[in-house]
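S.K.: One line per chain: the protein sequences are L and H, in this order. Oh and the first sequence: position 207 is 207 in the working numbering, straight run, nothing missing. To convert, count from 1 in the second sequence and add 1000; that's the working numbering.
Watch out, some of these pointers could steer you wrong.
As the list claims (entries may be wrong) - 27 Å max Cα-Cα, derived DSS-like pairs, lysine-lysine:
(1) Lys202(L) to Lys1218(H)
(2) Lys1247(H) to Lys202(L)
(3) Lys10(L) to Lys32(L)
Everything labelled a hint here was simulated from the structure, so no lab data went into it.
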Amino acid sequence: MTSLPQQTDKKLGLVIDLDICVGCHACVVSCKEWNTGGYGAALSDQDPYGDHVSGSWLNRVHSYEAGEGANARVVHFPKSCLHCDDAPCVTVCPTGASYKRSEDGIVLVNEDRCIGCGLCAWACPYGAREMDVAEGVMKKCTLCVDRIYNDNIPEEDRVPACVRSCPANARHFGDLADPGSEVSLMVLARGGFDLMPEQGTKPVNKYLPPRERPAEPSSCGKRSASERESTADATGFFRWLDQALERMG
Amino acid sequence: MHPAFSVIAFTSLSGMGYGLAVVLGVGLLNGASLGGQIGYVIALLLISAGLASSTFHLGHPERAVLALTQWRSSWLSREGVLAIITFLPLGLAALGSLFFAADWQPAGWLAAAGALATVYCTAMIYASLKTVQQWASGLTVAVYLLFGLAGGLLLASGLAAMDAAMVPADESWRGLLPLALVALLGGWVAKALWWRRAGQEHSASTIESATGLGHLGKVRLLERPHIEENYLTREMGFRVARKHAVKLRRMALLFGLVLPMVALLIALFIPDGFAAVLLLHAALSHLLGVLIERWLFFAEARHTVMLYYGDERA
Ligand code: SF4
Ligand code: SF4
Ligand code: SF4
């Protein structure tokens, strides 16, 4: 049924910390690794060893530069489905393949009903849905629904693969409907935000902004070459070495 | 957006077919005449060819029947349901016309209503997508409806002229010409407004709102997720047409508006037989113009996904 639930009991989702992400793509790879053998059809690659390799991925990391000059900064930006409350990808689906679960808010595709029309990918503003070219069905992030409720794996693994694998701990999983949950507190403390709020999709996933940085030293770029090369502030062994080499002429 | 030929062919062909079904259904072209009979055959062929081609781009066409289930929320599903429902009265009216040489008005009126509703749903599939600012407008609906009607009226006037050529002294068919002219001009006025809006209005979404990094300053893409193209960039990042947009728009206007309009004006003054030949060619020219216009409709459209791939606005 592609009508959206009035409300969901939980809002399971991810909180992604743009301050911490180092852009290593570990979550990208582990997401593909887990999901190509998990829920639904495998995630195919086309021309995998050729010149124009391409394939379906449920999570991708973009990298941006924001700001100007010395204050510009690089921000690595992981993006997967945001499990929107008002998911336009669900309501456009003609077959009922796309749906949002009323119990936890996860947005899924029932691949046995999907006709591969691609309309849901057009309706998603974020590019979170990709057609699998080999299978002819729509693929998207499942929030690792086959991990988070899975009694057959150790408890510490019952989180999404991308969350589990992130070496920097930039991805967090939890219930965003519960104001006391760790993820909700994080969003509150750090000013977590929605992507493209103007699209009216009400995403569940939140992003934490890069933290404020100390301003660059005001002298930066204004010192002369000899000032910048000065060794006057060296201490200990290096001070001794500096002076010894100096004495050698 | 990637202009899939199957979708362009579907919307153009079935649009014209449904337009003709409306003209026949409301009795502007006499279903009992030879022209009316040919009209029903052409309408059914155009609609069926369009619907068949629309299934070509599906990953699993064998499950297409499931697409009839979600009419409560999905315009694509509504379109499918209405297309099938419309076949009933349309088929009945065609039956009356072809085998009983009769104009079964109630069936015709139902078919006309169904035809309009189906085209409306087709247009709403696009007009309801907030992700593509150029499409999300009532003008999209107006263009789809008026182009369908104009195509149908052009075909119908050609067929009516053919009938008249065989029954001299009946000149009532010429009443169709001003109607066709009005639909034609109306369609292109709507399209001109559509083009103007597409050039002026941009989506509220920008690369800054897409990334939420605007507070740091101007945002630029440093690296794509992967070096090669992917489904998203192929499907939503089509760029070829924008380069040639002006040239293609001129071609669409020439074939879709200028030639048919000249033909309609000339047809007012020439004998029925010549007018029939001229108008049927005008209908073909109009179809060609609409095909080019439809191609641009997709190819020029910008999707918000491309903001993540470096577009500054959508
Ligand atoms: S991010 Fe896209 S695919 Fe995911 S729920 Fe929102 S609209 Fe649908
Ligand atoms: S591609 Fe599949 S899931 Fe998406 S709208 Fe079409 S049928 Fe529904
Ligand atoms: S939650 Fe699972 S499916 Fe979704 S991006 Fe993370 S690893 Fe991929």
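S.K.: Compare the structure with each hint and give your call.
M.R.: Now the hints, each set against the structure:
{"no.": "1", "hint": "Lys202(L) to Lys1218(H)", "verdict": "holds, 25 Å"}
{"no.": "2", "hint": "Lys1247(H) to Lys202(L)", "verdict": "violated, 41 Å"}
{"no.": "3", "hint": "Lys10(L) to Lys32(L)", "verdict": "holds, 26 Å"}
In this structure, the one hint that does not hold is number 2.
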